[in-house]
Amino acid sequence: MDISPIAFYIFSVMAIAFSALVVLKKNPVASAFSLVMVFFCFAGIYALLDAHLVAALQILVYAGAITVLFIFVIMLLNADVPSFDIGRSHILVKILAGVAAVAVLAAFVWAFKNSAQIQPTGTFSAEKIQTLGGNTRVLSTLLFSEYILPFELTSVLLLAGIVGAVAIAKRKPSQQ
Amino acid sequence: MTAGMDLFEWSVMIGKVLFVAVVLLQVAPLMAWVERRGSALMQNRLGPNRIGPLGLFQSICDAIKFIFKEDTVPGHVEKFYWLLAPIVSLVPSFMTFLAIPIASSINLGDHTIHFQAANLDVGLLYVLSIGSLGVYGIIMAGWASNNKYSLLGSLRSSSQMISYELSLGLSIIGILMTFSSVQLSEIAAAQGQTLLQLGPLSIPKWGIFIQPLGFLIFTTAAFAETNRLPFDLPEGESEIVAGYHLEYGSMKFAVFMMAEYVNMFTASAMISTLYFGGWQMLPGMQSLLTLSGTSGLTYEWLRIVLELSSFFIKVIFFMWFFVWVRWTIPRFRYDQLMDLGWKAMLPLSLLNILATGALIYFKVI
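Those sequence lines, one after another, are chains P and B.
Going by this note's numbering, 50 is the number at position 41 of the first sequence; the sequence numbering is gapless.
Going by this note's numbering, 494 is the number at position 347 of the second sequence; the sequence numbering is gapless.
One chain only, chain P, in its complex shape (with noise of 0.2 Å):
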């Protein structure tokens, strides 16, 4: 496994460009289309670590149907209200949000710090995963045989969601 540095410092700047896009542009549309360029960037990331499953799902998932979903709610909504302008907040606000912005800072760095030398330590290497079958043969195996029961009640929790969703959207004006 050879991360090219090249292609791993344009994903991550990219990355890092569109994150602060999805934050800094007014218009929430152009706000979802650069989270898009972000989950792409993110899946380029992942197939560079050899991680060719996660990749496809984070474009098909996210990039495919969770933003056009995005998308869909905010032309619905018709939300061109800037949700940004909400007057000046107060002083104490601001130095909190700042106090909380490098504490987050200061966690990730505390947290790779070593992170140069730690080679990956569980029990697929990228040569096992290759002579197994490849990535999604072998997460799939895995999810449908030790991981069974995580992965069922997940999908559990999941129609819990639907049924939720389903109740709110048939409750008659009267019960609200």
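It is worth saying that the hints were derived from the structure and are not from the lab.
There's no promise every hint is true.
For each label pair, taking beta carbons as the anchor points, the in silico distance ranges come out as [unchecked claim]:
no., chain 1, residue 1, chain 2, residue 2, range
1, B, D153, P, L105, 58 to 64 Å
2, B, K212, P, G170, 48 to 54 Å
3, P, L86, B, G162, 46 to 52 Å
Coverage of chain P stretches by chain B, computed from C-beta distances (three or more under 8 Å per stretch; other residues unrestricted) [said to hold, decoys possible]:
no., stretch
4, 35-45
5, 70-77
6, 80-86
7, 156-163
8, 168-178
Just so we're clear, the structure is a prediction, and the values are computed from it rather than from any experiment.
Don't be surprised by glycine CBs; every beta carbon is placed ideally from N, CA and C.
Dock chain B against chain P, hints included.
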């Protein structure tokens, strides 16, 4: 892809990508001609028949017209996204075809050439995921045009995509279960086996014979995903003028049209690969190959040529099928479209998975 590719492998790689690009670029002008002549045939008209043999050069004239037309940018559009939208809709359509195998492989001494630009581990998922990005061009165009009709068109398109992508994804699961692979090259190769032997007639294990319902759902969803009639509500002329590409003229409009035809081509290639054996030779071609009396490398190259032509014959048939349906079936009403997507296709595709599971469990297939 990996380190250690020598000059030969690089040139093969570049050759494959160039081949795909060149083929895809020819699709739009040819299909524009086929569509116009085909519709004329079905409606008892003549269609373009003045320039060149059978009017074939009409597309060249159209292209020249598109390029030399005045390139206007309306004053009320979001300029950046408006200019970006045609590109965004064209690029994914060119990317998807790379993962589709167009013939098997050939052994040249110490090198093996696979006739597939990118044999990805996740082949099928790659095609689905990149294909799902095409909708952004449409959404972007409709939104950036700052026009009610355009916005309606892109809203319709995004809701339609979400509804039909579900059935599209679920209909493929049956195929994945029977061939137990997501690699398109493996799926195509597995369809070479014999399913039934009826005397001299051998029925191959093509997807259509194992997954007839899956094929129906996939094809219908593919029509919806490519915005072709009867699912072309995003550009329904009678209601919203031209939908998302209303404000576009000259070459920018042509780029949208190219994207539509290339998407159609990829959809046809996917239908052929998943349900009609992909590059598996058409009936009779194997005996033709045996009759040719060649051997060694000549035989191998002849086999590749026959496989390539089988693949492209299948794809061309489905391209014609797209045109055929377009000029036969009228457009759906919007509520009919949603009903079909959610109340008919989704339950049917779930049923298909259940039935396939049962058949595999009882070892029928």
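Verification of the supplied hints:
1. B/D153 x P/L105: 58 to 64 Å: Between B/D153 and P/L105, where Cβ atoms are some 59 Å apart, the hint holds.
2. B/K212 x P/G170: 48 to 54 Å: holds, 52 Å
3. P/L86 x B/G162: 46 to 52 Å: holds, 50 Å
4. 35-45: holds (count 4)
5. 70-77: Per the Cβ count (4), the hint holds.
6. 80-86: holds (count 4)
7. 156-163: As far as the stretch 156-163 of chain P goes, the hint is violated, because 0 residues have Cβ atoms under 8 Å from chain B.
8. 168-178: violated (count 0)
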